[in-house]
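There are 2 protein chains.
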Amino acid sequence: MSKTFHTVLIVGGGLIGSSLARACMENNVVKRLIITDKDADVRSRLNALNIGHEVAESAQSVAAQADLIILAVPPGAMTQAFSDFADVIKPDCLISDVGSIKGKIIKDITPLLPKGVEFIGAHPIAGTENSGPEAGFASLFTDRWCVLTPADENSISAQKLKSFWEKMGSQIVFMDAQRHDLVLATTSHLPHLIAYALVGTATDMETVTRNEVVKYSAGGFRDFTRIAASDPVMWRDVFLGNRDAVLEVLGRYIEDLTALKKSIRWGEGDVLLKEFTKARSIRDRIVDAGQESATPNFGRDMQNDSSDTPDNKDG
Amino acid sequence: MSKTFHTVLIVGGGLIGSSLARACMENNVVKRLIITDKDADVRSRLNALNIGHEVAESAQSVAAQADLIILAVPPGAMTQAFSDFADVIKPDCLISDVGSIKGKIIKDITPLLPKGVEFIGAHPIAGTENSGPEAGFASLFTDRWCVLTPADENSISAQKLKSFWEKMGSQIVFMDAQRHDLVLATTSHLPHLIAYALVGTATDMETVTRNEVVKYSAGGFRDFTRIAASDPVMWRDVFLGNRDAVLEVLGRYIEDLTALKKSIRWGEGDVLLKEFTKARSIRDRIVDAGQESATPNFGRDMQNDSSDTPDNKDG
Numbered sequence: 001m002s003k004t005f006h007t008v009l010i011v012g013g014g015l016i017g018s019s020l021a022r023a024c025m026e027n028n029v030v031k032r033l034i035i036t037d038k039d040a041d042v043r044s045r046l047n048a049l050n051i052g053h054e055v056a057e058s059a060q061s062v063a064a065q066a067d068l069i070i071l072a073v074p075p076g077a078m079t080q081a082f083s084d085f086a087d088v089i090k091p092d093c094l095i096s097d098v099g100s101i102k103g104k105i106i107k108d109i110t111p112l113l114p115k116g117v118e119f120i121g122a123h124p125i126a127g128t129e130n131s132g133p134e135a136g137f138a139s140l141f142t143d144r145w146c147v148l149t150p151a152d153e154n155s156i157s158a159q160k161l162k163s164f165w166e167k168m169g170s171q172i173v174f175m176d177a178q179r180h181d182l183v184l185a186t187t188s189h190l191p192h193l194i195a196y197a198l199v200g201t202a203t204d205m206e207t208v209t210r211n212e213v214v215k216y217s218a219g220g221f222r223d224f225t226r227i228a229a230s231d232p233v234m235w236r237d238v239f240l241g242n243r244d245a246v247l248e249v250l251g252r253y254i255e256d257l258t259a260l261k262k263s264i265r266w267g268e269g270d271v272l273l274k275e276f277t278k279a280r281s282i283r284d285r286i287v288d289a290g291q292e293s294a295t296p297n298f299g300r301d302m303q304n305d306s307s308d309t310p311d312n313k314d315g
Numbered sequence: 316m317s318k319t320f321h322t323v324l325i326v327g328g329g330l331i332g333s334s335l336a337r338a339c340m341e342n343n344v345v346k347r348l349i350i351t352d353k354d355a356d357v358r359s360r361l362n363a364l365n366i367g368h369e370v371a372e373s374a375q376s377v378a379a380q381a382d383l384i385i386l387a388v389p390p391g392a393m394t395q396a397f398s399d400f401a402d403v404i405k406p407d408c409l410i411s412d413v414g415s416i417k418g419k420i421i422k423d424i425t426p427l428l429p430k431g432v433e434f435i436g437a438h439p440i441a442g443t444e445n446s447g448p449e450a451g452f453a454s455l456f457t458d459r460w461c462v463l464t465p466a467d468e469n470s471i472s473a474q475k476l477k478s479f480w481e482k483m484g485s486q487i488v489f490m491d492a493q494r495h496d497l498v499l500a501t502t503s504h505l506p507h508l509i510a511y512a513l514v515g516t517a518t519d520m521e522t523v524t525r526n527e528v529v530k531y532s533a534g535g536f537r538d539f540t541r542i543a544a545s546d547p548v549m550w551r552d553v554f555l556g557n558r559d560a561v562l563e564v565l566g567r568y569i570e571d572l573t574a575l576k577k578s579i580r581w582g583e584g585d586v587l588l589k590e591f592t593k594a595r596s597i598r599d600r601i602v603d604a605g606q607e608s609a610t611p612n613f614g615r616d617m618q619n620d621s622s623d624t625p626d627n628k629d630g
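Quick note, the sequences are listed as chains Z and L, same order. Sequence positions in the first sequence follow our numbering and run 1 to 315. Sequence positions in the second sequence follow our numbering and run 316 to 630.
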């Protein structure tokens with residue numbers, strides 16, 4: 001097995017798949033980059049965007065050429081996507097993915113692997129609220145974490161996959177699949193679920209018209225609608241596929257929220273102040289860790305405001 | 316009563332007060348702008364930042380000169396802040412505020428008003444997660460909504476206050492105080508509370524170390540920490556002061572979240588997909604309404620990425 005992958009096939013041309021293809025091309029990571037998608041319309045858009053060396057008609061038609069095949073489809077579609085080409089792959093082809101959950105994907109795909117073929121799960125922690133090939137961009141993975149969940153992190157294939165993702169600009173961490181699923185349930189899956197729930201509550205408020213929710217969204221609500229705008233199919237699959245970990249953290253969250261509710265009802269200002277004060281420091285640490293912009297409002301309101309600092313005001 | 320305010324006193328030099336002072340100066344809205352703060356350290360920082368025509372030692376010492384006095388202190392400090400200078404104000408001085416709740420502030424201040432003096436509540440729906448005079452900037456209110464809650468929206472004072480805020484770049488809406496409190500409970504207070512609760516849950520997760528929450532925060536969690544980093548004292552006062560409306564929407568929210576939890580437990584993928592799909596359209600409407608940036612991830616990840624569009628990729 002050589003140190004790099006000659007031919008890489010990306011199955012799925014959405015936000016993540018098309019971004020990965022762009023990143024492979026831009027960073028000259030592979031000799032040949034083939035991308036495909038089940039959806040003919042997506043394939044034609046990939047072609048129009050000139051993504052990769054080749055947009056294949058199907059995974060089945062090109063999988064035999066590939067040294068690395070990356071499944072970039074929603075978690076619930078992984079098994080079918082793999083089955084479509086499992087019978088034609090080379091014995092030393094490495095199979096990987098980009099799914100936001102790992103345990104269930106590994107569990108489903110492992111029994112389908114031809115003898116000797118290895119699957120190593122990967123999860124680049126990167127994305128935007130947009131979907132589709134037009135939404136992708138090459139720097140999506142730059143300075144973002146990519147979690148790999150190999151059985152043996154010292155294996156040649158694990159080290160090759162690590163090197164591949166490093167060339168996308170990512171920082172790599174090896175992690176047990178079960179641990180990944182619990183950590184991500186906290187830092188990603190729960191935030192998305194509570195954002196979806198909030199959008200539901202707000203739109204359903206009978207006494208508040210929709211128009212007013214939109215109108216006054218800058219008070220905080222708009223932040224939540226961003227992540228609630230993410231791909232619904234992908235997120236359905238995440239919640240169904242990582243059920244136990246999500247139910248665990250969601251249960252704790254509802255407890256915490258209910259405790260705050262009680263403090264509001266009973267006017268316990270000191271309890272509220274203590275809870276709210278804790279939250280500030282974690283924001284600072286996320287900014288310090290390079291995982292977030294330090295500019296107020298994520299910088300979105302400041303775009304025409306560069307001359308408006310206290311230092312150069314004329315008052 | 317003339318059509319504009321000659322002398323304006325802003326009581327409180329934090330994010331909102333100092334931003335308003337800057338906006339008054341930059342837009343030449345008043346003849347004389349005085350700002351003060353109870354905290355000597357804040358006063359000295361306001362002086363160092365050269366904010367307004369004068370940084371007064373106390374509201375009491377200058378309130379007699381003012382035609383408009385704006386209370387820019389946390390909701391729970393409004394009554395005391397007003398009492399400090401109530402006995403020296405001119406009979407035709409207008410009192411206003413910038414508080415995120417309206418009903419309780421009006422209820423508390425009205426009995427303290429000297430005969431003939433009017434209070435009109437104002438709430439500029441603008442802010443950032445930062446606090447203090449250094450965090451302020453003149454364009455904070457530009458293109459944001461400002462809610463006014465006068466008893467009579469056709470009164471001279473209501474129209475003068477409307478004109479004042481229009482000069483800050485705000486769009487004005489008149490609203491009943493009770494309605495304001497319910498709408499904002501949905502669009503602002505509830506989002507902040509669920510963000511505070513999430514940060515609490517995440518940091519308390521015993522099986523997930525803090526470091527990992529920070530490390531993988533780009534998966535969604537970091538969005539929530541921004542609004543959970545807002546001023547804790549102000550938010551304590553908001554929840555205590557708008558208790559009934561907050562409990563009403565929070566109750567509905569917990570119901571909605573519990574229903575999603577049940578759907579996850581029972582694997583009801585179709586229910587989840589339907590709920591998640593609803594959420595996308597409201598995001599589009601917020602962007603269309605000019606209340607939000609359309610760029611992915613609020614634009615925060617794209618800052619070094621301007622050359623990286625599909626159109627000019629070289630692949």
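Fair warning: there could be bad hints in the mix.
[Stated by the list, open to error] Chain Z side only, calculated, beta carbon under 8 Å to chain L, not exhaustive: (1) L112; (2) K115; (3) F224; (4) V246.
Simulated from the structure, these hints should not be mistaken for laboratory data. By construction, the Cβ of each residue, glycine as well, lies at the ideal position given by its N, Cα and C atoms.
Checked hints:
1. Nearest Cβ of chain L to the Cβ of L112 (chain Z): about 22 Å, over the 8 Å cut. The hint is violated.
2. With a cut of 8 Å, the hint placing K115 (chain Z) at the interface with chain L is violated, because the nearest CB-to-CB distance is about 32 Å.
3. Below 8 Å, beta-carbon pairs count as interface contacts, and F224 (chain Z) has one with chain L at about 6 Å; its hint therefore holds.
4. This hint holds: V246 (chain Z) has a C-beta 6 Å from the nearest C-beta of chain L, less than the 8 Å allowed.
Violated hints, in rising order: 1, 2; the structure is consistent with all others.
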